[in-house]
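Asker: So you can see what is in the structure, the chains are spelled out below.
Number of protein chains: 2
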Amino acid sequence: MSSYGGIDLGGTKIQAAVVDEDNTVIGSARRPTPTSGGPAVVAAEIEQALRDAAKAAEVEPAELAGVGVGSPGVIAEDGTVTSARNLPDWEGSFPLAATLSAALGTEVKVGNDVQVATDAEFKLGAGRLYSSLLGVFWGTGVGGGLILGGQPWTGRGGAGEIGHMVVEMGGARCTCGRRGCMEAYAGRAAMEGHVQRLVGKGSKTDLFKLMKEHGRARLTSGIWARALEHGDKLAQQVLDRAVVALGAGVASAVNLLDVEGVVIGGGLGIRLGHPYAARIEQAMQPHLFNDNRPPHVHVAALGDLGGAIGASLLLRPTA
Amino acid sequence: MSSYGGIDLGGTKIQAAVVDEDNTVIGSARRPTPTSGGPAVVAAEIEQALRDAAKAAEVEPAELAGVGVGSPGVIAEDGTVTSARNLPDWEGSFPLAATLSAALGTEVKVGNDVQVATDAEFKLGAGRLYSSLLGVFWGTGVGGGLILGGQPWTGRGGAGEIGHMVVEMGGARCTCGRRGCMEAYAGRAAMEGHVQRLVGKGSKTDLFKLMKEHGRARLTSGIWARALEHGDKLAQQVLDRAVVALGAGVASAVNLLDVEGVVIGGGLGIRLGHPYAARIEQAMQPHLFNDNRPPHVHVAALGDLGGAIGASLLLRPTA
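Top line first, the protein sequences correspond to chains A and W.
All residue numbers for the first sequence refer to the working numbering, where the first residue is 1 and numbers rise by one.
All residue numbers for the second sequence refer to the working numbering, where the first residue is 320 and numbers rise by one.
Chain A with its partners taken away, still in its complex shape:
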């Protein structure tokens, strides 16, 4: 029986998984993404994460039928990755597939991180009942993946930038430098900046205290979840603002595309889970043009491993 490797390359962590032919995870491993050293250092860490996952699955990397990588950045046909956002010193091009293939002794394919996660939910997860699907990955930023008529839609390679749909003309400054993007209200990076400004103006919150207590350098999804459990009013208020923006932005995408299903994933989407998916669904409703037939909204069923499982699908003949 063949097995396959999958890597989800994120700005914070590298998630590796080894799956069997039925897409059951038989081994997984996680490593922090290096914060310096450039693409070669990141590639070495990916190799180690994959070796850890293969060890857990009791398979030699060279025995894998192949390894898929879901990566940020601009991805060429040959697996070269250029301008990978949130990754250290990765502005130029790096032959990621060739480097990993040489190191691991098996075929390596690279795909867009958000799109492979959407494909995984479409084929194996919360979207498997639908032929059209919008994946909304709510984390540091807000990424989007599309399945239309059973096929991924990537445009000229740059589709899915749902986080940069404009929900407020002249509105909040986004981390991308523009104004009024959905991500400027709902992205974790933008939310952290917003909290800092509110604290600078005298607002009170335990968010940064919790961050230090848990040894984090940023307000991670887990810190946001804990703050909610503690009844932190500022955290609640900033998340409420994010949900309102997600409602407007996701509804706008649905008005344009009329997809059957919406899957909410990403660090925050998965950590906050069903209650927040339901709140986003509710926030969409007043903006839906065909409001008698809203799309079905789900939390990503494959959870944190969805990106790595989706990457492993890149090696399948039909993928």
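Don't take every hint at face value.
[Claimed, not checked] FRET-style restraints, in silico, Cβ to Cβ: (1) W:Arg404 x A:Ala98: 27 to 37 Å; (2) W:Lys520 x A:Arg85: 39 to 49 Å; (3) W:Leu517 x A:Ser36: 51 to 61 Å; (4) A:Thr12 x W:Leu517: 43 to 53 Å; (5) W:Gly496 x A:Asp22: 40 to 50 Å; (6) W:Pro613 x A:Gln237: 33 to 43 Å; (7) W:Gln604 x A:Gly273: 31 to 41 Å; (8) A:Gly215 x W:Lys520: 55 to 65 Å; (9) A:Pro294 x W:Lys520: 33 to 43 Å; (10) W:Gly411 x A:Asp22: 49 to 59 Å; (11) W:Glu410 x A:His274: 35 to 45 Å.
Since the hints were made in silico from the structure, they are not lab data.
Cβ atoms here follow ideal geometry from the backbone N, Cα and C, with glycine treated the same way.
Dock chain W against the given chain A, drawing on the hints supplied.
Answerer: Coordinates of chain W only, in the frame set by chain A:
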């Protein structure tokens, strides 16, 4: 040589065209849409418009290889039309294809008005160089049509509602009853309401004077164009506001879909032409995420006849 009929059924006018096998228009006619009497009266007027166009083309209606109709509303496979917006007393269902087919003695097919106009621009007009296209029909409302991977994308039948993408959370009241839709700033109906409110607050404009002079009951595209020619400051200001909203909304759609081309049609889009298409393109730029590779923006090349020509394509074997 076969010829085909096409009808563009709008809230203001019924445009009919007869085309030959090369899609050259060999006859056309236009009639005002009845403002009362319900679907049967509208169908009788469509029949007359088609007869007028056939006469101009020197063809008998029964000799046509078929007639296509681009209609608003919800359109069933068999050509029944339900809830046709902007048409008189057309809330229920009416067998439009069957009625016209019996009256004209030829096959009749009905499609969505915005989608057939987009198909026409894709196959014969400004979009023919692209495999992915967004049609933006800027008129009474703002409609959208999509071609993705060379095929129309209609979702579950309700896609393309670009006018109801949210560009301003909690913003201007839209004619659909919601808030902050692009159409609330850019649709001709909403713009007329906005001008009325500004005049009520003491603003000066010649728009309504021009409307009366030209015997119109509404601020038509022609009245807006004339007011611009007269240097009407309020008209300019309200159109500027529309362009800003169109820039944000169309850029949002492009960020999501990364289409190659955008075609601006509709009454206002065609009447205001290239200078305004260029202004919309400019207003999109600050919101485009992939701003080094904007889509090409064009005015609809088939002009006022695009809808009728597109409808005639419904009868083609490959359409």
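Asker: Evaluate each hint against the coordinates.
Answerer: Against the structure, the hints come out as follows:
1. The beta-carbon spacing between Arg404 of chain W and Ala98 of chain A, approximately 55 Å, falls outside the hinted interval of 27 to 37 Å.
2. About 47 Å separates the C-beta atoms of Lys520 of chain W and Arg85 of chain A, a value consistent with the hinted range of 39 to 49 Å.
3. A C-beta distance of roughly 57 Å is found between Leu517 of chain W and Ser36 of chain A, which places it inside the suggested range of 51 to 61 Å.
4. As the Cβ distance of Thr12 of chain A to Leu517 of chain W is approximately 50 Å, the hint placing it in 43 to 53 Å holds.
5. Between Gly496 of chain W and Asp22 of chain A the C-beta distance comes to about 49 Å, which sits within the given range of 40 to 50 Å.
6. Our hint of 33 to 43 Å for Pro613 of chain W and Gln237 of chain A holds, since their Cβ atoms are close to 37 Å apart.
7. Between Gln604 of chain W and Gly273 of chain A, the C-beta spacing of about 38 Å keeps the proposed range 31 to 41 Å intact.
8. The hinted window of 55 to 65 Å between Gly215 of chain A and Lys520 of chain W holds, with their beta carbons roughly 58 Å apart.
9. A hinted range of 33 to 43 Å holds for the C-beta pair Pro294 of chain A and Lys520 of chain W, which are about 38 Å apart.
10. Here the CB-CB span from Gly411 of chain W to Asp22 of chain A is close to 51 Å, well matched to the stated 49 to 59 Å.
11. Distance hint check for Glu410 of chain W and His274 of chain A: the Cβ-Cβ separation is about 38 Å, which falls inside the suggested range of 35 to 45 Å.
Of the numbered hints given earlier, the model fails hint 1 alone.
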